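Here's the letter readout for the chains.
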Amino acid sequence: MIPPIAKFLARHLLKGPYTMRGAPDPDADGLLELAEALGQRARGRLGRSLAIREVDAGSCNGCELEIHAVNNPVYDLERFGIKFTASPRHADVLLVTGPVTWNMAEALMRTYEATPAPKWVVAMGDCARDGGCFAGSYAVAGGVSAIIPVDLHIKGCPPPPRDILAGLLALLETVSAR
Amino acid sequence: MMGNVTLLEFLSGGREVPGHKPWPRYQLDARGWRALVEQMTVSNWEVLAEWGEPAEVHVLLRGEDSGAIAVVSHPCPDGKFFALGRVRPSAIRLERAIRDLWGLVPEGLEDQRPWLDHGRWGVRHPLGKPRQYDGEPYTYRFLTAEGDGLHQIPVGPVHAGVIEPGHFRFHCQGETVVRLEERLGYVHKGIAGLVAGRPVADAARIVARVSGDSTVAYSLAFARAVEAALGIEPPPRAVWLRALMAEFERIANHVFDIGAICNDAAFAIMLGHMGALREKLLRGNDLCFGHRLLMDRVVPGGVAADLSEAGREALGHMLYGVRKGFEQAVALYDSTPSLLDRTTGTGVVGGALVHRFGAGGFVGRASSRGHDARRLPGYPPYDELDFEVPVMAEGDVHARIMVRVAEVRASFKLIDQILAQLPDGPVLAPLMLRGAGEGVAAVESFRGEVIVWVRVSEAGKVVRLHAHDPSWFQWPLLEAAIDGNIVADFPLCNKSFNCSYSGHDQ
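One line per chain: the protein sequences are A and B, in this order. In terms of this note's numbering, the first sequence opens at residue 1 and continues consecutively. In terms of this note's numbering, the second sequence opens at residue 1001 and continues consecutively.
For the record, the hints were derived by calculation from the structure and aren't laboratory data. A hint or two may mislead.
[What the hints assert, rightly or not] Where chain A lies over chain B, by a calculated footprint (3+ residues, C-beta under 8 Å):
id, segment
1, 1159-1171
2, 1197-1210
3, 1265-1279
4, 1290-1303
5, 1331-1337
6, 1494-1504
Quick caveat: nothing in here was measured; it's all calculated off a predicted structure. Ideal placement from N, C-alpha and C gives every residue a C-beta, glycine not left out.
Bound conformation, chain A alone (with noise of 0.2 Å):
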């Protein structure tokens, strides 16, 4: 009898990838605002690979949707070279979703302050880049940039994968350059 792992597998590989074909061109804007924030810092010399923490400040778990779909087979952001760690220690990005909320203010700070520089910071979403529709509230601090500096917003609610590997792109082509 074929054992149905096996199956599975072969049912796979005749099928192909599931993967989109080449990749969104980098954000055109998010090129821009990379360039005018990085401007006078120095560039890493990465060559071509980024490992990114998630921080969830405050999000609604919408974003978090997104981030686990760029992941998937379809987008497959780890072909572009990026991909997810489970530590600050070891991150090069913090990809922060989320307005921040008062009672996360604190773990954001630590955990951007044991991230090893050079290091970037991706606010991704509405919420991210000022609050959102969460602004105002006694519990939230506003943006990620009322706590840490940030280097690339992502807009969308949520952003779409596209637009998340697009992002990405984006800062992989902006700290890598020569």
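We have chain A; now place chain B onto it with these hints.
Same frame as chain A, now just chain B:
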């Protein structure tokens, strides 16, 4: 009054508050409230939600035998109330939160530690009578465990994976977990305070973001509560489209979570496979309704996006592929002993505990509590649809997976029926203002029963709102589920519950 008295009989001694729909609201004075708490030691009435106002505490109750639902309110101008958490453990964290947010003191509650308030807001009791911090140090004492060779593992709030923040304090002996204590509240955004005073449409946008994975369920519960308060009937086509969206949300979450649970048992291919299926579903949502997660598509009065004939056909094609792929994955799960070995007998929650906490959703249904808001109290169009509510008794990770598998299948069948019977007509009714009112609604999200209570003013603004997430009654059970398991199985147990942090903390 003891013995066999139904909920509504008991409450008839209180004052009925006019204009509360669709279920009544009664006010009880201190004596009546105390009698209610005492009666609850012998009755099987269930706490569905509990929340506050600056000088009043509310609880939504259901009489299990009659199915009757009512809000019970207790004005407490002296800032104290007799704690329901004394007799209903599910209310303990709710009452700790009531104290944090409204400053009402639950008298007689053993655990008087803060819950959502981490000492960071600058004010105490932000929704009651706010008062500046007077600089007293904030301390939080975790429960202890004592014995030879015990050690602690603190985890979070920032976790290793792409998940929401929360803190878990493990006491372990070797690899075995002796005690887990959760510390939540990190993503508290103050939603109840934010929506107060806003027009209904603005509030709807915020409520849609209480928990992003259940956005359809929250929007639907809010819409139904507002419609009840204002006496509005959404058009039939909108009612059916809402159910269609709700079932798509359920399937998309279950499918991906099953993959993620298997991934936490180091069986990664399932995550890849299910991730591709979920992507198909989300693209279908985007194509037909204009948003991948269906945010802001269900609005008070109806829905914000209609389904075209082309969209209907596209959904039919897409579903064919997703169903086939899903069944292949289930067959693989069923025939992989190394995976079943990890999920079977792991993270067991007993039926008695699930009933005691009134836990709903797949967590309840995997441990023999077969409650489903689509059935009881029920709401249209489910009364015209044929569907099964799967129930199992084992209460382990495997049972939670199998209940979710059965729910996905049931949702596929529901979608078939909805697509076949979808009525024609408009999809949005105007929000006519006919004076102030209060409304409450219960909606079954993929996770369990979501409840929204709202008071709307004559000008069509939200005066007060309370949104209750099913996770409130599931989080405490996770502490029980991990008891005696090994630390390495915690991700597996946690994912099999998949409680919402944002929905709980809001």
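Q) Of the hints given before, which are not true for this structure? A) none
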